[in-house]
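Each chain is listed here by its residues.
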Amino acid sequence: MLRASLTFATILLCANLPLRAADLLPADQSMASVIDHYVDALIKTNDVQTAPQIDEYILVRRLTLDLAGRIPTTDELHAFVSADPATRRAELADRLLASPDFIDHHRNTLQLLLEYPDRRNDNDFRKYLLWAAEQNRPWNQMFRDMLAGDENDEHQKAALQFVKHRAKSLDDLTNDTAILFFGVNVSCAKCHDHPLVEDWKQDHYYGMQSFFSRTFLTKKQGLGEKFYGEVKFTTTAGVEKQAKFMFLNGSVVDDGTPELTDESRKKYDALVKKLEQDDKAEATYPDFSPRQRLVETASHKDNNEFLARNIVNRIWHRLIGRGIVDPPDQLHSENSPSHPGLLDWLARDTVEHGYDLKRLIRGIVLSNTYSRSSEWDSAAQPPSPHYFAVAIPRPLSPRQYAMSLLVATRNPPHWEQWLTKSAEDWKKERGGLEGAANGWANQFEIPGDNFQVAVDEALFFSNNDRIDNDLLRDSGDRLVGHLKAIEDPAEAVTAAFEAVNSRQPTADERKAIIEYLASRTEDRPAAMKQVVWALLTGPELRFNH
Amino acid sequence: MGQPGSIFCGSADHGLSRRGFLGAASAATAGTFAADMTRLDGLKNPLLAGEVKRQQKSVILLWLAGGASQFETWDPKPGRPTGGPYAKIKTNVNDVHISELLPKLAQRMNHTAIIRSLNTKIGDHGGGASLMETGRVSDPGLIYPDIGAIAARELGRRDSQVPDYVSMYTSTEGRRKGTSGFLGARYAPMFLSDKQIPDNMHRLDAISNDDHKDRAALRDLLSKRFTQSRLSEKINSHTTAYSRVHGLMSSEKLFDIEQEPESVRAKYGPRQFAQQCLIARRLVEAGTPFVKVARAWWDSHGQNFETHRELCADLDHAMSTLLDDLEERGLLENTLVVTLGEFGRTPGINASLGRDHFANAWSCSLSGCGVRGGSVYGKTDPDGNTVADGEVGAAQVFATMLEALGIDHEKEYMIGARPIPLADFGAKPIKEVLA
Chain H
1 MLRASLTFAT ILLCANLPLR AADLLPADQS MASVIDHYVD ALIKTNDVQT
51 APQIDEYILV RRLTLDLAGR IPTTDELHAF VSADPATRRA ELADRLLASP
101 DFIDHHRNTL QLLLEYPDRR NDNDFRKYLL WAAEQNRPWN QMFRDMLAGD
151 ENDEHQKAAL QFVKHRAKSL DDLTNDTAIL FFGVNVSCAK CHDHPLVEDW
201 KQDHYYGMQS FFSRTFLTKK QGLGEKFYGE VKFTTTAGVE KQAKFMFLNG
251 SVVDDGTPEL TDESRKKYDA LVKKLEQDDK AEATYPDFSP RQRLVETASH
301 KDNNEFLARN IVNRIWHRLI GRGIVDPPDQ LHSENSPSHP GLLDWLARDT
351 VEHGYDLKRL IRGIVLSNTY SRSSEWDSAA QPPSPHYFAV AIPRPLSPRQ
401 YAMSLLVATR NPPHWEQWLT KSAEDWKKER GGLEGAANGW ANQFEIPGDN
451 FQVAVDEALF FSNNDRIDND LLRDSGDRLV GHLKAIEDPA EAVTAAFEAV
501 NSRQPTADER KAIIEYLASR TEDRPAAMKQ VVWALLTGPE LRFNH
Chain R
1 MGQPGSIFCG SADHGLSRRG FLGAASAATA GTFAADMTRL DGLKNPLLAG
51 EVKRQQKSVI LLWLAGGASQ FETWDPKPGR PTGGPYAKIK TNVNDVHISE
101 LLPKLAQRMN HTAIIRSLNT KIGDHGGGAS LMETGRVSDP GLIYPDIGAI
151 AARELGRRDS QVPDYVSMYT STEGRRKGTS GFLGARYAPM FLSDKQIPDN
201 MHRLDAISND DHKDRAALRD LLSKRFTQSR LSEKINSHTT AYSRVHGLMS
251 SEKLFDIEQE PESVRAKYGP RQFAQQCLIA RRLVEAGTPF VKVARAWWDS
301 HGQNFETHRE LCADLDHAMS TLLDDLEERG LLENTLVVTL GEFGRTPGIN
351 ASLGRDHFAN AWSCSLSGCG VRGGSVYGKT DPDGNTVADG EVGAAQVFAT
401 MLEALGIDHE KEYMIGARPI PLADFGAKPI KEVLA
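Line by line, the protein sequences give chains H and R.
To convert, note that position 187 of the first sequence is 187 in the working numbering; the numbers rise steadily by one, no gaps.
To convert, note that position 277 of the second sequence is 277 in the working numbering; the numbers rise steadily by one, no gaps.
One should not assume that every hint holds.
As the list claims (entries may be wrong) - In silico lysine to any residue, SDA-like type, Cα no more than 25 Å apart, as pairs:
{"hint": "1", "chain 1": "R", "residue 1": "K224", "chain 2": "H", "residue 2": "I54"}
{"hint": "2", "chain 1": "H", "residue 1": "K201", "chain 2": "R", "residue 2": "G348"}
{"hint": "3", "chain 1": "R", "residue 1": "K224", "chain 2": "H", "residue 2": "E375"}
{"hint": "4", "chain 1": "R", "residue 1": "K177", "chain 2": "H", "residue 2": "F460"}
{"hint": "5", "chain 1": "H", "residue 1": "K201", "chain 2": "R", "residue 2": "K177"}
{"hint": "6", "chain 1": "R", "residue 1": "K224", "chain 2": "H", "residue 2": "L541"}
{"hint": "7", "chain 1": "R", "residue 1": "K224", "chain 2": "H", "residue 2": "P383"}
{"hint": "8", "chain 1": "R", "residue 1": "K121", "chain 2": "H", "residue 2": "L170"}
{"hint": "9", "chain 1": "H", "residue 1": "K511", "chain 2": "R", "residue 2": "K224"}
{"hint": "10", "chain 1": "H", "residue 1": "K201", "chain 2": "R", "residue 2": "K224"}
{"hint": "11", "chain 1": "H", "residue 1": "K164", "chain 2": "R", "residue 2": "K411"}
{"hint": "12", "chain 1": "R", "residue 1": "K121", "chain 2": "H", "residue 2": "D172"}
{"hint": "13", "chain 1": "R", "residue 1": "K253", "chain 2": "R", "residue 2": "H301"}
{"hint": "14", "chain 1": "H", "residue 1": "K358", "chain 2": "H", "residue 2": "D124"}
{"hint": "15", "chain 1": "H", "residue 1": "K232", "chain 2": "H", "residue 2": "E282"}
{"hint": "16", "chain 1": "H", "residue 1": "K274", "chain 2": "H", "residue 2": "Y285"}
{"hint": "17", "chain 1": "R", "residue 1": "K195", "chain 2": "H", "residue 2": "T494"}
{"hint": "18", "chain 1": "R", "residue 1": "K224", "chain 2": "H", "residue 2": "L170"}
{"hint": "19", "chain 1": "R", "residue 1": "K411", "chain 2": "H", "residue 2": "A270"}
{"hint": "20", "chain 1": "R", "residue 1": "K224", "chain 2": "H", "residue 2": "E334"}
{"hint": "21", "chain 1": "R", "residue 1": "K224", "chain 2": "H", "residue 2": "A526"}
{"hint": "22", "chain 1": "R", "residue 1": "K121", "chain 2": "H", "residue 2": "T234"}
{"hint": "23", "chain 1": "R", "residue 1": "K224", "chain 2": "H", "residue 2": "T494"}
{"hint": "24", "chain 1": "R", "residue 1": "K224", "chain 2": "H", "residue 2": "R293"}
{"hint": "25", "chain 1": "R", "residue 1": "K177", "chain 2": "H", "residue 2": "Q443"}
{"hint": "26", "chain 1": "H", "residue 1": "K168", "chain 2": "R", "residue 2": "K195"}
{"hint": "27", "chain 1": "H", "residue 1": "K484", "chain 2": "H", "residue 2": "A507"}
{"hint": "28", "chain 1": "H", "residue 1": "K484", "chain 2": "R", "residue 2": "K121"}
{"hint": "29", "chain 1": "H", "residue 1": "K511", "chain 2": "R", "residue 2": "D139"}
{"hint": "30", "chain 1": "H", "residue 1": "K511", "chain 2": "R", "residue 2": "D205"}
{"hint": "31", "chain 1": "H", "residue 1": "K157", "chain 2": "H", "residue 2": "R293"}
{"hint": "32", "chain 1": "R", "residue 1": "K195", "chain 2": "H", "residue 2": "D468"}
I should point out that these hints are in silico values taken from the structure, not numbers from a laboratory.
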């Protein structure tokens with residue numbers, strides 16, 4: 001049902017038109033240098049103080065969390081810090097981007113985004129995302145798969161779960177599509193206090209809605225589309241209007257609905273009813289599919305700025321912790337991008353390179369903007385986050401945290417083989433980790449804009465027997481078991497820090513823990529458990545910092 | 001009850017660790033607890049208790065899951081075709097009558113306001129529950145906090161050592177966890193579904209009390225440098241969560257009604273709903289701002305009258321005992337007790353002698369804190385088919401609850417650039433039921 005009584009006025013873009021190509025840096029410049037150019041320019045213009053670059057330990061941790069969805073093993077840590085500083089960063093990024101870790105992690109991250117806001121864990125959809133991540137399937141094609149895929153294709157059929165999950169609510173379909181693929185949250189227009197902007201029109205909201213209004217779920221759980229049907233709405237002035245098939249930038253799709261007699265309308269109504277009620281009914285599709293036309297229109301080179309800028313901004317947000325447009329669902333004229341040139345350059349690059357998300361991710365993680373420290377020791381107020389002058393600490397996703405706990409608490413020698421193992425063996429091992437992570441991941445909150453760590457999490461770590469019996473077990477296959485066998489306390493402390501916090505302890509930390517261990521010589525395993533618990537529950541593991 | 005002062009474990013005098021290194025850290029931690037315990041211990045000192053009570057407002061929501069019938073509770077229509085078999089009875093407030101199924105509450109109407117003119121339109125369980133819990137229709141792309149999360153946020157303390165939103169829901173029917181939505185997990189409910197005591201509140205036997213505290217101190221020590229050199233609300237929430245652990249663990253006893261004197265337990269009796277009301281009272285007394293106690297199986301599509309005879313007796317006894325207990329302890333003036341569900345039930349009686357879902361003309365009640373006791377707001381037509389006077393929706397009820405607690409219902413949370421008022425845009429509290 002349409003909620004026509006709400007005063008929707010919407011979006012738009014006029015104030016936000018992309019810059020002309022001539023105003024942007026050359027297309028063939030390296031992405032990382034383009035990013036730093038635009039970010040540094042704003043920092044310089046405003047005379048903003050920046051945080052220094054991170055050291056090699058934090059760098060390998062940050063890259064591994066972002067590209068593999070887990071902390072590095074002790075072995076990977078050692079390999080990176082002893083590799084050639086001139087080349088190791090790009091080599092690591094390339095190795096991880098080509099690894100099975102990336103496929104799983106990329107899938108997991110896309111799933112968190114696309115199942116928003118209800119987060120149903122749909123197995124078919126998960127499989128589709130894994131397949132798409134394996135192919136590095138171009139984003140514009142994923143967009144088409146999810147909104148207007150072919151039911152007869154195994155993968156695209158699974159992708160259509162995106163629409164099927166929302167098919168019962170036209171508002172959800174309209175809003176979620178606008179938010180997730182175009183970065184536009186139409187519900188913000190409901191806000192009475194917001195000054196209405198000249199270019200925000202109900203026509204756009206109902207225009208978007210009209211692309212979905214004929215979509216329905218058949219009894220067989222297939223997607224049907226009705227043969228006719230209009231969206232009508234009442235303007236704030238009380239005038240009733242019929243919506244056009246209008247995209248967010250005002251482009252109107254010709255209405256291809258055939259002229260229908262009352263009789264044929266009745267025939268089509270009966271057909272739709274049958275499809276909705278009878279699981280043996282044979283699906284019939286109209287020639288004119290509004291949903292298909294939305295996909296074509298939004299992907300067309302004249303209109304694709306929404307699709308391209310949104311995915312660029314989403315990936316940026318994922319890796320940097322804040323969008324170039326922030327929040328990322330507020331891409332409209334009242335909320336300008338912090339770095340318009342950068343957003344447009346990246347969007348142009350993404351379109352020109354076939355919506356290749358790996359390319360985009362690689363470019364961002366190789367920039368100096370990405371590798372700034374999250375520490376702010378200065379007494380001065382830290383700069384506003386929109387400068388990207390200090391890194392933003394990002395809470396790990398439930399899966400990142402679960403995987404990291406599992407990696408950290410295995411005995412470090414277990415992982416030594418990993419760097420040399422074949423891709424197939426490695427994939428199997430990674431699959432095992434993914435499976436093991438399931439049972440832990442659901443203990444943790446999915447990070448959103450207003451993320452806070454729940455006290456339930458702290459109680460879980462403090463008192464649940466799974467922590468003691470599994471993560472802190474002192475058997476030989478666990479970190480605690482490994483540490484208790486190391487005689488030299490200093491060496492044990494280093495091993496614990498490298499396994500959990502991916503770095504070496506400071507002199508103070510080493511001293512404090514050695515003192516503690518010295519007071520617990522009567523029960524070394526218990527003492528080691530205490531130390532490992534204190535590290536596992538620390539903020540340093542909980543955040544990508 | 002055990003020895004005086006035994007409700008809390010007494011972390012304040014938790015002995016210094018046998019180990020010098022952690023001794024100092026432990027002492028600092030214990031000091032923090034001591035400061036907090038002052039307030040809690042104050043409850044045993046009558047003078048201090050009064051001071052605390054004036055400041056500390058709380059809500060106990062008795063959630064009638066499935067939807068109670070207004071005809072068999074707050075808006076009886078005896079003798080009408082829709083009225084069913086039960087009579088109405090006088091209450092201790094002139095001219096106010098309620099169903100004969102609530103005789104004890106009838107004698108306590110001086111504490112209670114009835115709203116008889118709810119028209120909330122949504123008649124499915126999920127949609128109705130979400131509407132009444134959040135006071136607004138859900139909005140794609142934004143998850144609203146429910147009344148419990150808002151109360152926790154507005155009435156609780158950030159570093160509170162007691163839980164600030166507890167939700168008890170032990171039956172399987174329509175189990176709803178409650179949501180803190182955009183307010184974040186800090187205000188999410190502690191949810192009790194299969195037992196009376198929350199998960200992970202109890203130290204494992206495998207670890208000694210000293211070790212449990214020492215490792216927390218070690219954790220704090222190792223985290224300090226990291227936390228202090230980064231300015232992040234998200235990281236701070238991690239610190240806060242861990243800093244609340246020992247306080248919450250010591251509040252485990254609040255969930256144990258064995259701690260109550262036999263005389264008090266006898267008043268509440270053996271039934272689960274009443275016992276959960278007793279836990280709610282213990283929590284509120286210790287400073288928990290919001291407790292929801294859900295009582296299920298009101299969804300009487302069949303045998304409505306037998307169902308209500310049984311469930312109303314349970315509600316009548318539990319809520320009356322709760323109101324008496326709160327009053328005797330001087331807590332009622334600061335505790336708002338609400339009866340609410342997702343909707344009411346149809347005037348028409350179906351072939352199975354049931355009443356179906358009905359959201360167009362139904363009732364709820366507010367008692368205690370900020371409420372004009374004995375007041376009745378709004379009216380339905382003689383058969384209860386429609387609201388005849390004073391129609392209100394979920395948003396007004398929401399605004400009214402907030403106002404009763406002294407919370408400004410127009411206060412706004414900023415979500416990005418978007419202001420979201422606590423009660424939905426334009427909602428006004430029902431002044432007539434407020435003191």
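Status of the hints after comparison with the structure:
{"no.": "1", "hint": "R:K224 - H:I54", "verdict": "holds, 19 Å"}
{"no.": "2", "hint": "H:K201 - R:G348", "verdict": "violated, 44 Å"}
{"no.": "3", "hint": "R:K224 - H:E375", "verdict": "holds, 13 Å"}
{"no.": "4", "hint": "R:K177 - H:F460", "verdict": "holds, 18 Å"}
{"no.": "5", "hint": "H:K201 - R:K177", "verdict": "violated, 38 Å"}
{"no.": "6", "hint": "R:K224 - H:L541", "verdict": "holds, 13 Å"}
{"no.": "7", "hint": "R:K224 - H:P383", "verdict": "holds, 23 Å"}
{"no.": "8", "hint": "R:K121 - H:L170", "verdict": "holds, 19 Å"}
{"no.": "9", "hint": "H:K511 - R:K224", "verdict": "holds, 16 Å"}
{"no.": "10", "hint": "H:K201 - R:K224", "verdict": "violated, 51 Å"}
{"no.": "11", "hint": "H:K164 - R:K411", "verdict": "violated, 38 Å"}
{"no.": "12", "hint": "R:K121 - H:D172", "verdict": "holds, 20 Å"}
{"no.": "13", "hint": "R:K253 - R:H301", "verdict": "violated, 39 Å"}
{"no.": "14", "hint": "H:K358 - H:D124", "verdict": "holds, 23 Å"}
{"no.": "15", "hint": "H:K232 - H:E282", "verdict": "violated, 30 Å"}
{"no.": "16", "hint": "H:K274 - H:Y285", "verdict": "holds, 13 Å"}
{"no.": "17", "hint": "R:K195 - H:T494", "verdict": "violated, 43 Å"}
{"no.": "18", "hint": "R:K224 - H:L170", "verdict": "violated, 49 Å"}
{"no.": "19", "hint": "R:K411 - H:A270", "verdict": "violated, 51 Å"}
{"no.": "20", "hint": "R:K224 - H:E334", "verdict": "violated, 40 Å"}
{"no.": "21", "hint": "R:K224 - H:A526", "verdict": "holds, 23 Å"}
{"no.": "22", "hint": "R:K121 - H:T234", "verdict": "holds, 21 Å"}
{"no.": "23", "hint": "R:K224 - H:T494", "verdict": "holds, 19 Å"}
{"no.": "24", "hint": "R:K224 - H:R293", "verdict": "violated, 56 Å"}
{"no.": "25", "hint": "R:K177 - H:Q443", "verdict": "holds, 15 Å"}
{"no.": "26", "hint": "H:K168 - R:K195", "verdict": "violated, 36 Å"}
{"no.": "27", "hint": "H:K484 - H:A507", "verdict": "holds, 21 Å"}
{"no.": "28", "hint": "H:K484 - R:K121", "verdict": "violated, 65 Å"}
{"no.": "29", "hint": "H:K511 - R:D139", "verdict": "violated, 54 Å"}
{"no.": "30", "hint": "H:K511 - R:D205", "verdict": "violated, 30 Å"}
{"no.": "31", "hint": "H:K157 - H:R293", "verdict": "holds, 18 Å"}
{"no.": "32", "hint": "R:K195 - H:D468", "verdict": "holds, 23 Å"}
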